[in-house]
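From first to last, the protein sequence lines are chains X and B. Just so you know, our numbering puts 505 at position 379 of the first sequence, and the rest follows in order with no gaps. Just so you know, our numbering puts 98 at position 85 of the second sequence, and the rest follows in order with no gaps.
If you're looking for bench data, these hints aren't it; they were derived computationally from the structure. Treat the hints with care, as some may be off.
As the list claims (entries may be wrong) - Quick list of the computed label-pair ranges, beta carbon to beta carbon:
| hint | chain 1 | residue 1 | chain 2 | residue 2 | range |
| --- | --- | --- | --- | --- | --- |
| 1 | B | 136 | X | 184 | 30 to 38 Å |
| 2 | X | 398 | B | 105 | 53 to 61 Å |
| 3 | X | 522 | B | 41 | 25 to 33 Å |
| 4 | X | 533 | B | 186 | 55 to 63 Å |
| 5 | B | 133 | X | 431 | 18 to 26 Å |
| 6 | B | 133 | X | 339 | 18 to 26 Å |
| 7 | B | 254 | X | 350 | 50 to 58 Å |
| 8 | X | 266 | B | 133 | 39 to 47 Å |
| 9 | X | 349 | B | 93 | 27 to 35 Å |
Positions of the beta carbon are idealized from the N, C-alpha and C atoms, including for glycine.
Each chain is listed here by its residues.
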Amino acid sequence: MTTTPTETPAERAADLQDERLVRTEGVRGAVLAFRQRVRGGDLGSLPVVIGLIVICAIFQILNPNFLSANNLVNLTLQCAAVGTISIGIVLVLLLGQIDLSVGSVSGLAAAILGVGLTQQNWPVAIAIIVALVVGAAIGYLYGLLFTRFGVPSFVITLAGLLAFLGLQLKILGPTGSINLPYDSWIVQFATSAFLPPWAAYALAFIAAAALFFGDVRRASRRRKAGLSTGALSVTLIKAILLLIVLVAAVAYLATDRGLGATFLLFVLLVIIMNFFLTRTRWGRSVFAVGGSVEAARRAGIKVNRIYITVFILCSSFAALGGLLASARLTSASLSSGGGDTNLNAIAAAVIGGTSLFGGRGSAYSALLGILVIQSISSGLTLLNLDSSIRYMITGAVLLLAVIIDSLSRRSRASHGQA
Amino acid sequence: MTMESAVAEPTSATREPVLSLRGVSKGFGAVRALTDIDLDIYPGEVVAIVGDNGAGKSTLVKILAGVHPQDSGTIKFDGQIVNIPTPTASRALGIATVFQDLALCDNLDVVSNLFLGREIVHGVALDEEEMEQRSWSLLRQLSAKIPSVRIAVASLSGGQRQTVAIARSLIGEPSVVILDEPTAALGVAQTAEVLNLVERLRERGLGVLLISHNMADVQAVADRVAVLRLGRNNGDFHVADVSYEEIISAITGATDNVVTRRASAHAVDAAADNAATTAAAEALAAPSAGAVSEPLPNNAIGIDDETEETR
Ligand SMILES: Nc1ncnc2c1ncn2[C@@H]1O[C@H](COP(=O)(O)OP(=O)(O)O)[C@@H](O)[C@H]1O
Ligand SMILES: [Mg+2]
């Protein structure tokens, strides 16, 4: 092994001893490594971030109201419900599966909430719990059907789409539409709960501090384990950038109503799911099963349990999204969860960068993807274009995202990283 | 984990076998795949199993790996009679099997693959630092040439992937490692790398069971060769005092056979009277040509291993 005269292999971090490793340090190293990753087909969330910026720029040019605080606050509120559903879709996509019934399940949850609050006079909490439990039970059923009989998830959930749409209509009864009591807390939460600015600023600081100290702590653990650590300057720059972005966003939104509680809930759910996916055994198993079921099984992973938990989570997120949507619209009706809910949720996950082929993606794709979809929708509404155009454009963006997914997969293959 | 106590004391001949099979039989319907197999594996010893296609090598591996149990006969592990009904039971005993298709997750990095299914946790969170450090010390002990453990396994070469698969089998601290055709898909240099690795397993005091079609590999690393023929033991040799021809005749079942005739006569134009036998024997006979004539038998093995395993 060739070493520089100043350090012996023993002094060098355990992961940097191979002479073939190109070592670059500090900020420059971080930038170089990032560029190399992108070239190798590991695009991560880069395409969608660029896409989001382009979309915002175009709509801002076409209509100066697009980036107004008022419109952005509306946009965040519109994201929460379908975005929450999309988190579940990310999970099933990571396994290389699909759930086509999330729209119906969200509509069913809305119907349960509506009937529970008005006709059964349940307390709000009970209605919410019943809806979520029904969602979880549906996911459990899917999981059982999938693992016991090996029916493709595509077919199971297509059947579920119809069946639970029927159940939703049945529960809603002949009127087909129920107005939620406006003073119930869930409606208040979804329509008019906003974080006071001081709390939003505090959250921004907490997020940046968490990023910084998380990195510092990881670095010290790595150092203790004899591994290389990133430069402190990079960590600091990352945290400061995040702080600036968050504070600016909060300050801008505060000129209108501020940060909506439902959007915050959605973002928190994304962060929590990201933790579970990247930092726990369960999450590692999800990626393993998505990469190679057989390898996961032979490694002793209880594959069926992974499938079942993911289907349960997906349907539960769908139910939660349905609750948020109906609370925001203060009604549960035949059209709850209908229309483009299903496809928007699936499209958001894919546009956000989660691969349709399984094993690649991140919880953050739900957030980024739904921001793209709602930006398009909101921009076109501002331009007074109706839903026909919106559908076509969203369809085109979805197609683009799938093409990027397939291309980056091919690029990974040609760079030997398939 | 005691990965650090890598170098074991030299094996003494008087030691008990770590794995010992007596009268093991296995049938599939009308086919007697294995009949009365006896086999001993000592710690710090590499035992090669050779035999023609259909001799029962894969069946033997699967019995030890817990894919399917034997019909009769006993298996002793560390002197105790054991049952191996499931793959988990096999692993729990301390038998690590590296199947021919490796079973790695291409989308995960080396560390994740090494610790897949037995991740080290720190509370609920994965202890990535501990796992990465242990990965490095394990790979160093095996002198594995892997530049980074944080790259996806898909970007590694065939030999490196085989190395990862073998290293992974060591995470559970097994006392026996079974390698099914570890060099079948590899080039010359990578084969040498894996053979070095096998020797390092022996230095660590592990019992190694090596299935191979390649007589050159067998003669390079094995201490003993057990020959299977038509599901029965047909010879157990110390590699040091057996000739290539003797092994071949044990495999084919005759001292006077196509292979030995060819060898002694140096005949290049031996009559292809029995096309099937000749082809099969040639695959074993010509170590240098092994890579060329191997695909057929290897494919056969690869397929039956996979169909078995997917259950
Ligand atoms: N699952 C099975 N079902 C039926 N027959 C099998 C099965 N597995 C192996 N056999 C038979 O057992 C015999 C030994 O096969 P195998 O162990 O694969 O041989 P080898 O690996 O030495 O080529 C063959 O005749 C094969 O056809
Ligand atoms: Mg075989």
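Outcome for the supplied range 30 to 38 Å, where the beta carbon pair is residue 136 of chain B and residue 184 of chain X: Since residue 136 of chain B and residue 184 of chain X have Cβ atoms about 46 Å apart, the given range 30 to 38 Å is violated.
Mind checking the hinted window 53 to 61 Å against the Cβ distance between residue 398 of chain X and residue 105 of chain B? For residue 105 of chain B against residue 398 of chain X, whose Cβ atoms are near 34 Å apart, the range 53 to 61 Å is violated.
Looking only at beta-carbon atoms, does the pair residue 522 of chain X, residue 41 of chain B fall within the given range of 25 to 33 Å? violated, 56 Å
Between residue 254 of chain B and residue 350 of chain X, does the beta-carbon spacing fit 50 to 58 Å? holds, 52 Å
At the C-beta level, are residue 266 of chain X and residue 133 of chain B separated by a distance inside 39 to 47 Å? Given a distance of about 30 Å, which is not inside 39 to 47 Å, the answer is violated.
For the pair residue 533 of chain X and residue 186 of chain B, does the Cβ-Cβ distance stay inside 55 to 63 Å? Cβ of residue 533 of chain X to Cβ of residue 186 of chain B: about 43 Å, so the range 55 to 63 Å is violated.
Hint check for residue 339 of chain X and residue 133 of chain B - Cβ pair distance inside 18 to 26 Å: Given about 23 Å between the Cβ atoms, the range holds.
Verdict for residue 349 of chain X, residue 93 of chain B (Cβ pair) under range 27 to 35 Å: The hint (27 to 35 Å, Cβ to Cβ) is violated, given that residue 349 of chain X and residue 93 of chain B are roughly 45 Å apart.
Residue 133 of chain B and residue 431 of chain X, beta-carbon distance inside 18 to 26 Å? holds, 20 Å
Hints 1, 2, 3, 4, 8, 9, counting from the list given before, are not met by this structure.
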